[in-house]
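Input sequences plus hints: build the corresponding full structure.
Protein chains in written order, with the numbering used here: chain A, 2 to 434; chain B, 7 to 285.
Just so you know, the hints here were simulated from the structure itself, not pulled from any lab data. Don't take each hint at face value.
Here are a few chain A residues that face chain B, going by a calculated C-beta distance under 8 Å [what the hints assert, rightly or not]:
| hint | residue |
| --- | --- |
| 1 | T69 |
| 2 | K97 |
| 3 | S234 |
| 4 | S238 |
| 5 | I242 |
| 6 | V252 |
| 7 | W394 |
| 8 | F396 |
| 9 | Q404 |
| 10 | E413 |
| 11 | S415 |
Covered stretches of chain B, going by a simulated chain A footprint (3 or more residues, C-beta under 8 Å) [claimed, not checked]:
| hint | segment |
| --- | --- |
| 12 | 121-130 |
| 13 | 136-148 |
| 14 | 171-178 |
| 15 | 247-253 |
A short list of chain A residues far from chain B (calculated; beta carbon distances all over 10 Å) [what the hints assert, rightly or not]:
| hint | residue |
| --- | --- |
| 16 | G30 |
| 17 | V110 |
| 18 | Q116 |
| 19 | S121 |
| 20 | E128 |
| 21 | S209 |
| 22 | S219 |
| 23 | Q329 |
| 24 | D382 |
| 25 | K428 |
| 26 | S434 |
Please read all numbers here as calculations on a predicted model, not as lab measurements. Cβ coordinates follow ideal geometry from the N, Cα and C atoms, glycine included.
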Amino acid sequence: MASLISSVVLIGSTTAGAAVAQPAISLAGQTITVATADTITPAIVKAFEKATGIKVIADNIGWDSLQTKVATAAEAHTYFADIEDVDWSETALYYKTGWFLPLNKYFNVSALQKQYPQLSVFIDHGELVALPQDSQASVTTVNAVDFKKAGITTMPTTLAQYTADLRTIKAKGVVKYPLVQNLGAQETLATTWWQLAVSYGGSVLTPSGQPDFTSPSSPGYKAAEWLLDAFKSGLISPAAIDYAEGELQTVMGHGDAATSYSDYTGVIGPAYNVPSQSKVVGQVQYLQSPGLTGPAKLIAEPDGMGIPAAAKHIAAAVEFMKWYGGAQVQAALGGASGTSSKSLYIPGEPLPPNLAGLKALAASPIGKVGDISLAAQLTQDSVPAIPGGGQPWEFSWSEQVAQDLHDTFTGEKSLPAAILLMASQAKSDAASS
Amino acid sequence: MIAPLVAMILGLAIYPTVLTSVDAFFGDDALEPGRHAFGVQNFTAVFSNPTVRSSMVNTAWYVLFGVVLTVVFGTAIGLLLQRPFKARGIIVAIVILPWALPGLVEGIIWSWIYDPTYGVLNHVLTMLGLLHHYSVFVGLNHIETIFLISLVQVWQVTPLAALLVLASLQTIPGDLYEAAKVDGAGYWRTLKGVTLPLIRPGLAVATVEAIVASLNIFDQVYVLNSNATLGNSLMGQAYQLSFVDYNFGQGYALSLVALVITVVMSIGAMKLIFRKVDY
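Structure follows, in structure tokens:
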């Protein structure tokens with residue numbers, strides 16, 4: 002009965018519900034385990050259980066640990082959860098390994114494509130590997146007060162202007178290190194480089210997975226060069242080579258930097274506008290990342306929800322994904338229906354993955370704060386990091402990229418040497434996949 | 007009576023070890039599904055990987071720092087705790103705390119100590135006038151990075167070493183110290199001639215424990231230095247191969263190499279240090 006009621010509710014009110022087939026069997030009483038990147042709070046579990054009768058065990062663990070568990074379970078062909086995290090960089094890998102079930106059977110992909118701006122990130126060879134759980138894109142954030150103090154009244158739209166502004170801010174002593182980027186050997190560094198390459202008008206890999214950054218005139222090479230120059234010229238703090246995950250936001254939140262070229266959409270509300278943890282409340286705003294000749298396209302970096310091959314309750318898992326993707330639920334996760342512990346609000350939750358959810362959140366009182374409308378617009382316009390789809394070795398290679406690029410900042414490797422290694426690894430990965 | 011214990015050891019230690027060892031000889035790559043021919047190709051690939059080789063050198067440094075510092079500090083703390091004093095029980099409980107913490111948590115605690123922007127160490131050193139400006143401690147200099155990460159692990163492992171030494175110290179009969187005193191031996195001579203030779207069983211176990219911990223260092227490196235080649239360890243590379251490259255066969259091979267090195271070094275340390283003590 003509960004399932005039937007939920008189906009009726011879903012058809013009437015949700016975004017995902019309009020695009021999917023409804024289950025024919027009663028799922029009430031089944032128990033599913035959900036292990037995703039975004040936290041599944043007790044309030045979410047309670048609301049879903051109330052709506053569908055399906056029980057949920059929320060396995061909220063750290064992202065790194067989650068990836069290890071997903072891989073271990075898949076490799077051992079054992080059950081870990083019914084819904085698991087799918088990172089944007091792992092779509093092609095999961096397609097190739099068959100670790101996750103193709104979702105085309107359960108969702109109307111062409112209908113979803115109209116509603117989920119970043120859906121293509123999770124499609125490989127026409128198969129939907131995951132449904133976006135959130136929508137994230139790499140975006141520039143600026144402390145408008147710092148820019149104003151430096152006498153900058155017009156926000157930069159090109160990389161040349163952005164660089165000039167950074168130098169002005171430093172020269173005027175507004176902050177010692179105007180630009181904050183994480184230069185540790187972490188995936189964040191690789192994605193910053195990927196975004197910069199897009200901003201320079203290209204990409205780091207061709208659609209067939211060949212390196213497209215070895216020529217000094219290529220966008221990828223220029224991107225790495227720009228970052229290294231910014232570091233060497235003191236626009237970025239030397240400490241950036243040893244930043245922990247999330248320290249970029251700490252530095253920005255402390256007012257110790259004026260801008261981050263590659264931050265996240267959705268970050269302002271939960272990170273910079275919370276008085277208890279930020280000294281720059283109301284000062285930070287999104288800026289469409291400056292590019293070579295004008296504002297650049299942003300690369301999409303969402304987390305998704307997929308159903309592993311060893312899942313026990315597939316229909317119930319699909320039901321959860323439909324419910325979770327609903328516009329009202331998505332807006333509520335972002336705080337549109339309040340931010341108390343009893344609400345569905347997830348502190349720090351990235352933006353909703355679908356247009357209806359984004360629209361509902363942007364229209365809510367919380368949506369008026371923190372530039373959510375702008376972030377939503379930028380997210381909608383975001384593009385996959387690799388044109389034409391990812392590569393199965395993308396995740397592994399980006400770790401190698403982070404390692405090699407990091408070594409250029411510590412002086413362990415020269416930029417040409419790092420570029421050579423990164424290219425050689427990409428060629429070798431492409432040849433063997 | 008011991009059946010549950012045997013079952014547990016067989017199921018949780020022996021079975022996975024055998025499975026890993028066998029799979030290390032097959033090319034188990036998630037991106038190239040299917041069982042591959044039996045052979046040493048995984049070992050060849052692992053040893054020809056420059057990142058793995060540099061992680062082996064790093065691990066040698068971790069073992070050197072880790073074993074020396076753990077045994078020295080563990081012995082020193084054991085000797086300090088040997089003498090009865092007020093609140094000794096409480097002090098012992100506090101000393102053992104770091105051992106009870108997971109390596110990951112310790113890494114996080116120390117990342118805020120070493121942090122180049124807001125770290126406690128920078129704050130203290132600049133306050134004392136020993137530094138003029140905040141510095142980057144981890145991630146710039148090879149040996150300094152390894153030493154500082156080693157310290158975190160030493161901080162974790164030393165309490166157990168101290169307890170092992172303390173247990174050995176408490177088995178030494180008091181009349182041996184009295185005899186040494188009668189013979190005119192001072193503190194250092196007694197330490198060298200009586201104490202250290204008689205705590206060799208405890209020192210041997212503490213050394214083995216330090217070897218095992220240092221050779222398998224991972225959490226602290228991962229938190230403090232991410233995946234940077236500068237401080238990457240053998241286990242870090244095994245993780246990288248298995249869970250980033252999804253080349254489980256190579257990950258198993260490297261784990262097996264680490265296991266063999268651990269066993270060989272542990273046996274060597276026992277043979278070198280352990281002496282049976284009869285009173």
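Classify the hint on E413 (chain A) as holds or violated, based on whether any CB of chain B lies nearer than 8 Å to its CB. 6 Å, holds
So is E128 (chain A) really clear of chain B, every C-beta pair being over 10 Å apart? 17 Å, holds
Should the label of S219 (chain A) as a non-interface residue stand, given a Cβ cut-off of 10 Å to chain B? 25 Å, holds
Does the claim that Q329 (chain A) lies outside the interface with chain B hold up, using a Cβ gap greater than 10 Å? 37 Å, holds
Do at least three Cβ atoms from the segment 247-253 of chain B come closer than 8 Å to Cβ atoms of chain A? holds (count 5)
Classify the label on D382 (chain A) as holds or violated, using whether its beta-carbon is more than 10 Å from each beta-carbon of chain B. 31 Å, holds
Let's test the interface hint: is any C-beta of chain B closer than 8 Å to that of S415 (chain A)? This interface hint is violated because 14 Å lies over the 8 Å limit.
Using Cβ atoms and 10 Å as the threshold, tell me whether S209 (chain A) really stays out of contact range of chain B. Holds, since 16 Å exceeds 10 Å.
Evaluate the condition: distance from the CB of Q116 (chain A) to the nearest CB of chain B exceeds 10 Å. Consistent with the label, Q116 (chain A) stays out of reach of chain B, its closest Cβ about 32 Å off (over 10 Å).
Examine the segment 121-130 of chain B for residues whose CB is less than 8 Å from any CB of chain A, and state whether their number is three or more. Per the Cβ count (4), the hint holds.
Would the least Cβ to Cβ distance between V110 (chain A) and chain B come out above 10 Å? Per Cβ check, V110 (chain A) is outside 10 Å of chain B; nearest 25 Å; holds.
Taking the closest Cβ pair, is S238 (chain A) under 8 Å from chain B? 7 Å, holds
Against the hints set out earlier in the document, violations occur for numbers 3, 11, 14 and 26.
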